[in-house]
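Novice: These are the residues of each chain, in order.
There are 4 protein chains.
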Amino acid sequence: MSSLRERACRANLALASTGLVTGTFGNVSIADTAAGVFAIKPSGVPYAELKPDKIVLVSLETGEADGSKFRPSSDTPTHFELYRAFKCGAIVHTHSEYATAFAQARLPISCMGTTHADYFHGDVPVTRPMTRAEVERDYEVNTGKVIVETFGKGKISPDEVRAVLVANHAPFTWGPDASTAIELAEMLEFIARINWRARAIAPDTARPDQFLIDKHYLRKHGKSAYYGQK
Amino acid sequence: MSSLRERACRANLALASTGLVTGTFGNVSIADTAAGVFAIKPSGVPYAELKPDKIVLVSLETGEADGSKFRPSSDTPTHFELYRAFKCGAIVHTHSEYATAFAQARLPISCMGTTHADYFHGDVPVTRPMTRAEVERDYEVNTGKVIVETFGKGKISPDEVRAVLVANHAPFTWGPDASTAIELAEMLEFIARINWRARAIAPDTARPDQFLIDKHYLRKHGKSAYYGQK
Amino acid sequence: MSSLRERACRANLALASTGLVTGTFGNVSIADTAAGVFAIKPSGVPYAELKPDKIVLVSLETGEADGSKFRPSSDTPTHFELYRAFKCGAIVHTHSEYATAFAQARLPISCMGTTHADYFHGDVPVTRPMTRAEVERDYEVNTGKVIVETFGKGKISPDEVRAVLVANHAPFTWGPDASTAIELAEMLEFIARINWRARAIAPDTARPDQFLIDKHYLRKHGKSAYYGQK
Amino acid sequence: MSSLRERACRANLALASTGLVTGTFGNVSIADTAAGVFAIKPSGVPYAELKPDKIVLVSLETGEADGSKFRPSSDTPTHFELYRAFKCGAIVHTHSEYATAFAQARLPISCMGTTHADYFHGDVPVTRPMTRAEVERDYEVNTGKVIVETFGKGKISPDEVRAVLVANHAPFTWGPDASTAIELAEMLEFIARINWRARAIAPDTARPDQFLIDKHYLRKHGKSAYYGQK
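Residue numbers (this note's numbering), protein chains in the order written: chain C, 1 to 230; chain G, 1 to 230; chain D, 1 to 230; chain P, 1 to 230.
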């Protein structure tokens with residue numbers, strides 16, 4: 001099982017090196033479905049002190065941590081809910097600056113250009129604010145549930161829009177593996193920056209046509225993709 | 001007493017390495033209550049030339065400097081007032097860019113998200129403008145007094161909101177030790193950046209519910225905290 | 001022909017080192033008119049893995065790639081159209097942050113100062129949005145055609161304004177050689193930053209007089225130029 | 001005379017290392033009043049290729065360059081006018097991003113806080129736009145004259161506000177020596193950043209009281225200064 005811990009440790013250090021995390025905000029988890037667990041960063045441990053044996057393993061069945069002497073990230077129940085609903089291979093959470101600003105503004109990151117459409121097939125949604133009951137009891141579980149609800153009610157495919165903003169909190173991204181989920185966290189911040197700048201000087205600009213968005217998303221993703229090498 | 005000077009020197013150099021200080025703006029002081037003194041940066045000395053023997057010791061009783069050949073920071077009387085009122089162990093002053101912009105705009109940094117609530121239990125207040133009499137005589141003493149007044153009149157706990165903006169001037173942060181006070185200066189600037197970006201595109205966004213703020217503050221602070229390792 | 005591939009490889013790495021490209025967005029091509037080809041980055045290859053033998057050669061006559069085992073950049077047909085219409089020696093495409101924000105806002109970068117006029121003789125135009133037919137069939141060819149149309153209908157000289165914003169997409173720049181085209185990509189982003197900042201605080205500022213723009217452009221360019229060394 | 005050239009070369013390289021200059025925008029000159037000359041950067045030479053023997057000497061009497069094989073900066077006549085009017089020891093010109101944005105917006109950098117007042121005793125003015133006649137003939141001389149006019153008509157002391165924005169162009173700063181003039185260029189950009197951020201979220205904020213500005217300026221400057229070491 002050491003291999004999964006090592007990969008999760010490397011992925012968390014890779015996330016730290018992107019510049020997307022400030023302080024101890026942010027974490028990556030990686031699932032090993034064959035083993036029935038996911039590996040996640042311990043809570044509040046500085047990246048400089050992170051080692052594979054501090055990574056915590058958590059059951060994909062029950063959400064419970066193994067007998068590690070370290071507590072898992074406080075966000076662990078949120079990751080657990082997302083693994084169950086979205087069947088992804090890795091999840092990244094950051095408080096990256098621009099994406100978090102959209103979360104605090106309770107605004108989705110609308111798809112305003114091809115840079116966005118190259119990575120996300122439509123707007124990156126923002127959840128509804130959570131209720132008192134959801135916050136006061138099982139807060140981190142409910143954070144996961146409200147994300148899943150957002151995709152269900154909005155009829156958004158979590159395979160085509162692999163990112164969300166939790167209202168007044170911050171973004172999560174996911175993918176088949178850690179490097180994809182980290183890349184999506186970086187791209188989410190990049191499109192948030194561009195969207196923010198366009199919005200600040202031109203709040204009423206028309207959205208691009210759906211056929212342009214589809215063109216860019218589908219030339220990189222799906223069975224007719226022709227971007228990149230075969 | 002050399003140990004306190006060395007720690008204060010290291011703390012000032014650590015502050016400089018955060019990127020929060022421009023030119024010679026900014027300083028850290030550390031109190032040693034057993035010895036009845038606090039140690040502070042000398043006035044106008046470039047960080048590159050800072051050495052422990054240039055650090056000035058100041059009485060926590062009288063606010064007077066020891067017989068050092070260096071003048072203490074011109075902000076020393078402000079630190080003195082804060083030590084007396086807030087009983088903290090270290091104080092940081094910067095002119096960090098976004099926090100200073102809020103100070104110039106005479107706006108508090110409102111608590112708009114969990115990133116803020118993870119560190120500060122409510123809005124970071126801004127002082128009222130100082131009067132002519134307060135500015136022209138004992139200006140630096142009065143800067144401390146107006147900060148203390150802001151917390152008293154606003155019924156804000158200086159243990160739960162360990163930061164303030166002085167109107168048209170810049171921020172101060174404090175904590176039990178220098179590393180905490182420096183971390184709070186960094187986090188203050190980070191939440192100022194996020195708040196500024198959200199406000200610029202969505203000035204009328206609703207504030208988050210108080211129960212969400214309480215949840216995040218209390219999961220990291222206080223006796224029921226469950227963030228981090230035990 | 002290895003020399004052209006080496007130059008194109010170096011130019012793509014030089015572009016990556018400017019900080020203008022995020023992920024795999026961005027590419028440089030270089031024409032060799034004597035040989036009747038241009039050399040372009042392969043599609044979706046990370047800059048860290050770029051080598052001269054992965055550079056793809058494309059006919060300036062037909063737009064068809066040589067028998068390379070690598071696919072050329074998906075933007076290759078756009079470069080081809082620009083070489084045919086503008087007779088330039090090199091083309092750069094980026095998704096640089098501020099220029100892309102103007103593209104998403106469908107706003108030209110208006111010439112508001114001498115920094116702009118030192119490099120571009122007038123506004124940097126934005127194309128019209130492309131039609132469904134243009135997007136769904138031969139999209140990259142049509143991207144080139146709509147750029148050329150923008151200069152033709154707007155009576156803009158592609159020799160004096162060597163940059164364009166493709167609506168909802170991103171910028172292209174060009175010049176006689178790769179270093180000029182890269183420098184223009186950097187300057188385009190720089191003037192986009194300045195223009196964006198001025199516009200955000202003063203959206204209705206008067207434009208500078210045309211004689212000031214002409215003065216700055218012509219003191220650096222053309223036969224009466226007196227900037228730089230002879 | 002090699003010593004002056006060496007100092008001017010070092011000062012230009014120091015300016016480049018501040019990050020305030022993009023491309024070849026920006027230059028420093030240093031006066032040697034005893035020798036009756038000032039030393040300035042050659043026109044359009046990249047900083048990486050700058051050497052003392054490429055620095056050009058210009059008469060403080062006539063404004064004419066010595067018999068150097070290099071042309072002086074195209075801004076030389078502007079420097080000459082400023083030396084004659086302001087009797088300063090060094091002049092810096094940059095196109096730093098935020099200060100240039102204010103110049104393009106034709107807005108002064110208003111004194112909104114103590115950070116500003118620590119360095120500049122009042123608003124940093126912007127010149128009026130230049131006339132066609134001023135631009136078309138002796139443009140760089142007239143740039144200097146319009147700066148001098150701005151201080152004369154506005155009754156601004158060039159010893160207390162050692163910076164100006166040329167409308168639609170960019171800033172100049174000056175001081176008794178090159179390190180001061182460079183420091184003022186850095187501080188000008190820093191206060192421009194803070195002012196811009198405050199203005200963007202609070203355009204109608206009241207200005208600070210004049211007694212606060214005087215307090216900060218005079219505690220660092222003039223005969224009653226008590227900031228720094230004696």
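Misleading hints may appear alongside valid ones.
Unchecked claim - Here are the simulated lysine-lysine pairs, DSBU-like style, with alpha carbons at most 30 Å apart:
| id | chain 1 | residue 1 | chain 2 | residue 2 |
| --- | --- | --- | --- | --- |
| 1 | D | Lys220 | P | Lys69 |
| 2 | G | Lys155 | G | Lys51 |
| 3 | D | Lys220 | C | Lys215 |
| 4 | G | Lys87 | G | Lys51 |
| 5 | C | Lys51 | G | Lys87 |
Stated by the list, open to error - A few chain C residues that face chain D, going by a derived Cβ cut-off under 10 Å, partial list only:
| id | residue |
| --- | --- |
| 6 | Pro46 |
| 7 | Met112 |
| 8 | Thr114 |
| 9 | His116 |
| 10 | Gly122 |
| 11 | Tyr139 |
| 12 | Phe151 |
| 13 | Lys155 |
| 14 | Asp159 |
| 15 | Glu160 |
| 16 | Met187 |
| 17 | Arg193 |
| 18 | Asn195 |
| 19 | Ala202 |
| 20 | Arg207 |
Stated by the list, open to error - Residues from chain G that face chain P, not an exhaustive set, calculated with beta carbons under 7 Å:
| id | residue |
| --- | --- |
| 21 | Ser17 |
| 22 | Thr18 |
| 23 | Thr22 |
| 24 | Arg71 |
| 25 | Glu97 |
| 26 | Ser110 |
| 27 | Arg132 |
| 28 | Ala133 |
| 29 | Arg137 |
| 30 | Val141 |
| 31 | Asn168 |
| 32 | Ala200 |
Please keep in mind that the hints were generated in silico from the structure rather than gathered at the bench. The structure displayed is predicted, hence computed values, not measured ones. Ideal placement from N, C-alpha and C gives every residue a C-beta, glycine not left out.
Novice: Next step is simple, just say for each hint if it's right about the structure.
Specialist: Going through the hints against the structure:
1. D:Lys220 to P:Lys69: Holds, because 19 Å separates the two Cα atoms, which is no more than 30 Å.
2. G:Lys155 to G:Lys51: Given that 30 Å is the threshold and the Cα spacing comes to 40 Å, the pair is violated.
3. D:Lys220 to C:Lys215: violated (41 Å)
4. G:Lys87 to G:Lys51: holds (27 Å)
5. C:Lys51 to G:Lys87: Violated, at about 37 Å.
6. Pro46: violated (27 Å)
7. Met112: Given a least distance of 4 Å, the restraint on methionine 112 of chain C holds.
8. Thr114: It holds, given that the least Cβ distance between threonine 114 of chain C and chain D is near 5 Å, below 10 Å.
9. His116: Holds - the Cβ of histidine 116 of chain C comes within 10 Å of chain D, reaching about 9 Å at its closest.
10. Gly122: Not OK, violated: glycine 122 of chain C not within 10 Å of chain D, min 14 Å.
11. Tyr139: Tyrosine 139 of chain C check fails; min Cβ-Cβ to chain D is 34 Å, beyond 10 Å.
12. Phe151: The hint is violated - phenylalanine 151 of chain C has no Cβ within 10 Å of chain D, the shortest such distance being about 25 Å.
13. Lys155: Violated, because the Cβ-Cβ distance from lysine 155 of chain C to chain D comes to roughly 23 Å (cut-off 10 Å).
14. Asp159: The hint is violated - aspartate 159 of chain C has no Cβ within 10 Å of chain D, the shortest such distance being about 20 Å.
15. Glu160: violated (18 Å)
16. Met187: holds (7 Å)
17. Arg193: Holds - the Cβ of arginine 193 of chain C comes within 10 Å of chain D, reaching about 6 Å at its closest.
18. Asn195: holds (7 Å)
19. Ala202: Holds. Min distance 4 Å.
20. Arg207: OK, holds: arginine 207 of chain C within 10 Å of chain D, min 9 Å.
21. Ser17: It is violated, given that the least Cβ distance between serine 17 of chain G and chain P is near 17 Å, above 7 Å.
22. Thr18: violated (16 Å)
23. Thr22: Where the cut-off is 7 Å and the nearest Cβ of chain P is about 5 Å from threonine 22 of chain G, the hint holds.
24. Arg71: holds (6 Å)
25. Glu97: Nearest chain P Cβ about 6 Å off; hint holds.
26. Ser110: Check failed: Cβ of serine 110 of chain G comes no nearer than 11 Å to chain P, outside 7 Å.
27. Arg132: Where the cut-off is 7 Å and the nearest Cβ of chain P is about 5 Å from arginine 132 of chain G, the hint holds.
28. Ala133: violated (9 Å)
29. Arg137: violated (10 Å)
30. Val141: violated (13 Å)
31. Asn168: holds (4 Å)
32. Ala200: holds (6 Å)
Consistency with the previously given hints fails for numbers 2, 3, 5, 6, 10, 11, 12, 13, 14, 15, 21, 22, 26, 28, 29, 30, ordered from lowest to highest.
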